[in-house]
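Chemist: These protein sequence lines map, in sequence, to chains F and Z.
1 is the number of the first residue of the first sequence in full-length UniProt numbering; add one for each residue after it.
1 is the number of the first residue of the second sequence in full-length UniProt numbering; add one for each residue after it.
Please keep in mind that the hints were generated in silico from the structure rather than gathered at the bench.
Model, not experiment: these values are computed from the prediction.
Careful, some of the hints might be misleading.
[Stated by the list, open to error] Quick list of simulated restraints, FRET-style, between CB atoms:
(1) Z:A81 / F:H208: 50 to 60 Å
(2) Z:T19 / F:E189: 43 to 53 Å
(3) F:A58 / Z:V29: 36 to 46 Å
(4) F:A196 / Z:H89: 51 to 61 Å
(5) Z:T19 / F:L110: 30 to 40 Å
Quick reminder that beta carbons are idealized off the backbone N, C-alpha and C, glycines included.
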Amino acid sequence: MNDAIWAGTVAISGHADAELEAYLARPLGDQARGGVVVIHHMPGYDTGTQEIVRRFAANGYAAILPNLYSREGAGVSPDDQAAAARAKGGVPDEQLVGDVRAAAAHLNTLDHANGKIGVIGYCSGGRQSFLAACSLQIDAAVDCYGAFVVNEPPEQFPLKATPLLSKAADLSCPLLGLFGEDDTYPGPEEVGVLDAELDKLGKEHEFHIYPDAGHAFFSVDRPAYRPAAAVDGWKRIFDFYGRHLSA
Amino acid sequence: MCTYITEKIELDGAGKGGTGWFTLSEGAVYVDHPYHACHEHTVNIDFTNPAEGPSARVAVELTEESALALIAAIQKALSSAPPGLASAHH
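Make a model of the complete structure from these sequences and hints.
Modeler: Okay, structure coming up:
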């Protein structure tokens, strides 16, 4: 068995041909494999999310994390990029879709790619994972506590985020949703509305709302970390991708 | 939760960031997850100058108690100085 992986920074051409920094991790073995596009949370392209990318590679996937804030300047630290992107109102939806399309295309150019693509996103990236899956041909999407898929953001909300429920009919793949019961963005009620809408549309999906967990329960370096929810969540992610991203 | 809410202000002054001193032109205040502080949520304040790029930034992440203490300290310091002494129009 060859369980070695390669991980490091690559450059890809994103939406409107913008050069994006991206973190790629892939197995060194020669088995055919699916690809996973990881969408970072609002605090940006951080080491915690890069660790998630390596975890996918260690489990047999080629995974890529495009730095959605690359346009804030090369050589700028990720936290400064995140603050600048936030001050500008965040990442426009159209740009996000273009960046995910480019990241998925890059994965499909790699040796041993089987052509299957999963997306996963956390926090604001959870909403963006759903957006990508409603806008592009994806094979399996995971939404980790993404808010504003159903509800309007609060009035003072500075980001250009609009609800996505009207796009649900275009969902191109099965969706796995992982949420915390104590979260308010999205709260269990908002998750329930999405669940009902996908039922109505006959879209394959599987939602889990974990007790004793709030927002960001996968974040191992934050007080929000909830081991029970995160351990079960990871198990469900790999089971889900195992079913939908094999050739 | 992510509150996302950002209060923006114009600033006139200077700050010292990772690349040295720079002129401040803007500030942003938001209650959200911190980048570095080991708390679930903090009051985050960015002192910036967007014209000089994203690295022209001084960031602080404070607990609610610390932020309120800071406000009180600023008000106390200003009230014990002659009115207008630190004004841009002085």
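Chemist: The structure should be examined with respect to each hint, and the outcome stated for every one.
Modeler: Structure-based check of each hint:
For the hinted restraint 50 to 60 Å between A81 (chain Z) and H208 (chain F), the CB-CB distance of approximately 57 Å keeps it satisfied. Take T19 (chain Z) and E189 (chain F): their Cβ atoms lie about 46 Å apart, and the range 43 to 53 Å holds. The beta-carbon spacing between A58 (chain F) and V29 (chain Z), approximately 40 Å, falls within the hinted interval of 36 to 46 Å. Checked against the given bound of 51 to 61 Å, the beta carbons of A196 (chain F) and H89 (chain Z), roughly 59 Å apart, stay inside it.
T19 (chain Z) and L110 (chain F) have their C-beta atoms about 37 Å apart, which keeps the hinted 30 to 40 Å range intact.
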